[in-house]
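Chains as they are written, first to last, in this note's numbering: chain A, 12 to 366; chain B, 12 to 366.
Quick caveat, the hints were computed from the structure, so don't treat them as lab data. Be careful, since some hints might not be right.
The list cannot tell twin chains apart, which means a pair is met if one copy fits it or any two copies do.
Listed next, the in silico DSS-like pairs over lysine-lysine satisfying Cα-Cα at most 25 Å (straight line) [as the list claims (entries may be wrong)]:
(1) K237 <-> K23
(2) K332 <-> K218
(3) K41 <-> K237
(4) K123 <-> K218
(5) K123 <-> K215
(6) K215 <-> K277
(7) K309 <-> K332
(8) K325 <-> K271
(9) K215 <-> K271
(10) K41 <-> K325
(11) K332 <-> K123
(12) K319 <-> K23
(13) K215 <-> K332
(14) K41 <-> K319
Quick caveat: nothing in here was measured; it's all calculated off a predicted structure.
Protein chains: 2
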Amino acid sequence: MFESYWRKMGDKCTVVIAGYDSLSYFADTKNLCWFLEPKLEGAIKGLHRAVGNAAADDHHVVVGTGSSQLILAALYALSPQDEPEPISVVSAVPYYSSYPEMTDFLRSGLYKWAGDAQNLDTDGPYIELVTSPNNPDGVTREAIVVNRGQGKLVHDLAYYWPHYTPISHPADYDVMLFTASKCTGHAGSRIGWALVRDKDVARKMTKFIELNTIGVSKESQLRAAKVLGAVSDSCQRSGSLEFDNFFEYSKNLLAERWDKLRDVVKRSGIFSLPEYPPQHCLFTGELTVAHPAFAWMKCSESIEDCVKFLREHKILTRSGKRFGTEQKYVRLSMVSRDEEFNLLLQRLLAIQGRD
Amino acid sequence: MFESYWRKMGDKCTVVIAGYDSLSYFADTKNLCWFLEPKLEGAIKGLHRAVGNAAADDHHVVVGTGSSQLILAALYALSPQDEPEPISVVSAVPYYSSYPEMTDFLRSGLYKWAGDAQNLDTDGPYIELVTSPNNPDGVTREAIVVNRGQGKLVHDLAYYWPHYTPISHPADYDVMLFTASKCTGHAGSRIGWALVRDKDVARKMTKFIELNTIGVSKESQLRAAKVLGAVSDSCQRSGSLEFDNFFEYSKNLLAERWDKLRDVVKRSGIFSLPEYPPQHCLFTGELTVAHPAFAWMKCSESIEDCVKFLREHKILTRSGKRFGTEQKYVRLSMVSRDEEFNLLLQRLLAIQGRD
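Next up, chain A with everything else stripped away, as it sits in the complex (with noise of 0.2 Å):
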């Protein structure tokens, strides 16, 4: 979806790299995530100054491969180090689907997943993930058991961009993520961050990642360093062409979709959306909705299994199942390319016209 507005950007995003360039694994010895390269993070720093979505000026920045890693990371450097038995990892049901395998895969001793963070049956330490905006539903977030004693949060700010949200206020949490993928469209970079307050946590998540994978590639964060300041760039040209600004040209795009795809489903009488709130953004000094980068899509109790039920329709949608919620719940993507999502408005609507 985001590929429009890059090709109308042209070259001014165009990396150059020679191949003498970034051969070491170091970027800066003296800063303590010492494979980060000192451009990212000055962009890092900028774009979140530009939206306001962030307090990243007071908090370390440690650079990840993609914002899974930085999870894992999160997850290293949370879990006390010398406990017989794993720390509790908790999230609120529906969470995001990923969360349960990429806690559990290696059977760590250190941390293991426990499911709906409402559940929570410990009185002991745990970690709760907070995806705000949640993935898959779009809802903004709090923390659910923040006040239950000995936990540790993880804010998830994938989706905490103006095109998706209204920026209510500028995030200031202990563990903040965010990542390329989400805020730009550039997923092939693998290219995550993470705000942290803490320095020995920062330290331990800059230790994981060098246990991990020794670092992040220099590649990916030189063209994330330039693609991100043209981000911020684009945001301080209030009085061009709409294009111009990445966020606003974005959210006109998903309004639309959302505003195609609230149609459709109104016309099927067997599916539903949710409704988000208007809210007063702060980077657009306007008042808005919420347009998510998926839409969580609720069907008609007289269908059992509504993946299925797509599926036949020649839809591909993900389990409310796989989120730890009901299958009458299905998650569709927002930010497909043009000609798929124009097809699976097409097939929806085909779908509303026989039953």
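Given chain A, work out where chain B should sit, using these hints.
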């Protein structure tokens, strides 16, 4: 050390990446390793054909964020999934100093570090990491415990290239790991690759990388494809200038450094270095000796703590203890920049002068 070569190559390996390139997570949905760039796969297979160091064509290629990630992916893929006890991971002393920590830092229930392969005390399944040529001592190795039953082997062949060691045969093991860091010097790119015979093992390694980082930087893959392609091309140019052939150029640099180091060490009377037997190299067609990327230096019995002794002379080394053996051994880098290497020689010479 390799920088001078790449500078001489000028813009032959320059990559240009536009803002709209490589946005997707996917590289080739039909490939088992769905995030592997077809250009990189082609360059890897082409390079192994040009050098003759590994039978790549009948193996699956799995790309990783450096070979560190592939070591972990291999442990995951080769571990039994439903056993109550973790599988033992061993390597012969002296072993690569990061193996123990990489294996154990998440306290996985799938695998655990069990130390020196010579002392393996299990009749059950195990994984042996075979590093050949070995880091730290440059010795050509075979598996130690391969005939003891349920052993699985991972061959870490990071240094099995003609600038470091004679190529005696095309390696044809089940799981073979390589990395751009050691082959061409591009450590900042974090590109490693595994050649994997078994389809299921390759699929599980791919799954590990999916859960760990959802793929590998596209920018790094595209650049590595160009760099490895240039190295392959340089191998064909036998009649041209010496520095044109990457491996010959690098081998000459290393041979020169080893000569200088051996001279200084000989004069010292305090230190000694391993000798490597001359072997026929299939790549050069000559009888050559190894010129490892590290020098494994033994200190005289009179020096109790060799690292401390050398640090007092402003020489930073890694202790034999870190490699599972005695502290009278230290590892020195042979692939540092010229200035650094010359300083090392000067300081070693000064010790000899004083003692």
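A quick look at each hint next to the structure:
Both within a single protomer and between protomers do K237 and K23 lie at most 25 Å apart by alpha-carbon distance, with minima of 9 Å and 23 Å respectively. In this assembly of identical chains, K332 and K218 lie within 25 Å of each other by CA distance solely across copies; the values are 21 Å between and 34 Å within a copy. In this homomeric assembly, K41 and K237 come within 25 Å of each other (Cα to Cα) only inside a single copy, at 23 Å, whereas the closest approach across copies is 31 Å. In this assembly of identical chains, the alpha carbons of K123 and K218 lie at most 25 Å apart whether taken from the same copy (20 Å) or from different copies (19 Å).
Taking identical chains as interchangeable, the C-alpha atoms of K123 and K215 lie at most 25 Å apart whether they share a chain (18 Å) or sit on different chains (21 Å). Neither within a single protomer nor between protomers do K215 and K277 lie at most 25 Å apart by alpha-carbon distance, with minima of 49 Å and 43 Å respectively. Taking the shortest alpha-carbon separations for K309 and K332, only the intra-copy value of 12 Å comes in at or below 25 Å, while the best inter-copy value is 60 Å. Taking the shortest Cα distances, K325 and K271 sit within 25 Å of each other inside one copy (19 Å), while across copies they are farther apart (69 Å).
Proximity of K215 to K271 under the C-alpha cut-off of 25 Å is found in neither arrangement, the shortest distances being 46 Å within a copy and 40 Å between copies. Taking the closest pair of Cα atoms, K41 and K325 come within 25 Å of each other only across two copies (20 Å); inside a single copy the shortest separation is 54 Å, beyond that limit. When the C-alpha separation of K332 and K123 is checked against a cutoff of 25 Å, the pair qualifies only within one copy, where the shortest distance is 20 Å, while the shortest distance between copies is 33 Å. For a Cα distance limit of 25 Å, the shortest separation of K319 from K23 qualifies neither inside one copy, at 44 Å, nor across copies, at 52 Å.
For the homomeric pair K215 and K332, the shortest alpha-carbon distance between copies (24 Å) is at most 25 Å, but the shortest distance inside one copy (34 Å) is not. Taking the shortest alpha-carbon separations for K41 and K319, only the inter-copy value of 24 Å comes in at or below 25 Å, while the best intra-copy value is 54 Å.
Hint check: violations occur at hints 6, 9 and 12; the rest are consistent with the structure.
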